[in-house]
Amino acid sequence: MNRVFLAALAGLLSLAAQAQSWPTKPIRLVVPFAPGGTSSIVARAVGAEMEKGLGQPIIIDNKPGGGGNVAMQDVANAEPDGYTLIVGHLGTLAVNPFMFDKLPFDTNRDFAAVSLLAKVPNIFVVHADVPAKNLREFVALAKSKPGQFYYGSAGNGSAGHLAMEYLKLVSGMDLQHVPYKGTGPNLVDLVAGRTHATSAGTPPLMPHVKSGKLRVIAVGTPRRLEALPDVATVAEQGYPGFETSQWYGLNAPAKTPPALIKRLADEAAKAVKSAAVIERFKADDAEAVGSTPQEYAGFIAKEQARWKEVIQKAGVKAD
Numbered sequence: 259m260n261r262v263f264l265a266a267l268a269g270l271l272s273l274a275a276q277a278q279s280w281p282t283k284p285i286r287l288v289v290p291f292a293p294g295g296t297s298s299i300v301a302r303a304v305g306a307e308m309e310k311g312l313g314q315p316i317i318i319d320n321k322p323g324g325g326g327n328v329a330m331q332d333v334a335n336a337e338p339d340g341y342t343l344i345v346g347h348l349g350t351l352a353v354n355p356f357m358f359d360k361l362p363f364d365t366n367r368d369f370a371a372v373s374l375l376a377k378v379p380n381i382f383v384v385h386a387d388v389p390a391k392n393l394r395e396f397v398a399l400a401k402s403k404p405g406q407f408y409y410g411s412a413g414n415g416s417a418g419h420l421a422m423e424y425l426k427l428v429s430g431m432d433l434q435h436v437p438y439k440g441t442g443p444n445l446v447d448l449v450a451g452r453t454h455a456t457s458a459g460t461p462p463l464m465p466h467v468k469s470g471k472l473r474v475i476a477v478g479t480p481r482r483l484e485a486l487p488d489v490a491t492v493a494e495q496g497y498p499g500f501e502t503s504q505w506y507g508l509n510a511p512a513k514t515p516p517a518l519i520k521r522l523a524d525e526a527a528k529a530v531k532s533a534a535v536i537e538r539f540k541a542d543d544a545e546a547v548g549s550t551p552q553e554y555a556g557f558i559a560k561e562q563a564r565w566k567e568v569i570q571k572a573g574v575k576a577d
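So in this note's numbering, spot 181 of the sequence shown is number 439, and the numbers just go up one at a time.
No false leads were mixed into what you were given.
Each computed SDA-like pair below joins lysine to any residue, with the alpha-carbon atoms no more than 20 Å apart:
id, residue 1, residue 2
1, Lys401, Met431
2, Lys571, Val436
3, Lys528, Gln314
4, Lys283, Pro338
5, Lys468, Glu484
6, Lys426, Ala493
7, Lys531, Asp542
8, Lys520, Asn366
Calculated directly from the structure, the hints in this document are not laboratory data.
Start from the sequences, fold in the hints, and give me the full structure.
Encoded structure:
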């Protein structure tokens with residue numbers, strides 16, 4: 259028994275020593291989308307702070323394609339040595355597994371959760387000419403004219419598309435979906451009044467809200483936003499438990515040693531609580547989180563259950 263105990267203790271000490279001596283070279287952090295989006299902002303802000311604690315550069319590698327699946331396959335096949343990581347996202351971890359008929363990797367089996375980094379709120383807006391001041395009024399209006407209101411999104415399966423489908427499911431509204439190739443074209447038609455509503459993060463929408471072209475009727479977060487204190491949440495307006503946010507985490511290939519996962523999680527949590535990262539996140543109304551691997555894994559599981567139901571009931575399929 260003593261020999262078994264001593265062997266186990268030696269193993270734990272060896273893992274601890276490995277975590278302390280690691281890393282000895284730069285770390286590649288893969289972003290599964292094109293440069294310039296919120297995922298890149300989160301990666302660069304958090305990566306710059308994590309470098310201080312890890313003592314090695316974190317190289318950001320944007321790898322867009324396939325709704326994030328190209329990057330996910332790359333990291334799933336990487337060596338589980340802590341030197342290749344990926345920014346986990348609502349779409350890649352909680353949506354794509356249920357929207358695509360077949361993926362070349364298993365989202366739960368091939369990735370280890372490290373830490374939840376940030377949540378970015380979705381808000382719901384209508385064109386200024388829509389005679390609804392809040393969500394309750396919009397739901398009543400849409401139900402009085404089923405199928406006559408159109409909402410746009412950045413594309414089929416996008417966060418905004420799913421947020422609106424989720425809202426349709428809980429409210430019983432009959433809205434028509436108009437998918438665009440990106441947020442820009444979606445907003446061009448919405449601001450022009452060719453569509454009636456959309457859901458997205460605050461950065462692309464707020465300039466049009468401030469100009470009076472669009473009106474915010476609800477926020478998708480559990481609590482009201484500091485930037486929009488007078489706008490009630492969806493939950494407050496009659497749909498308890500409703501929540502829709504874009505979120506970003508840190509994931510590693512499965513079989514990455516637990517000691518390295520813990521070291522990364524500790525550094526990530528410290529980074530997102532730094533003054534520099536909190537200040538950078540403010541521009542996107544992003545909430546800095548930072549969590550243990552176990553907390554993040556539990557969060558992913560809950561999000562998968564939520565979005566699996568939405569995707570299946572709404573019949574959303576990948577293009």
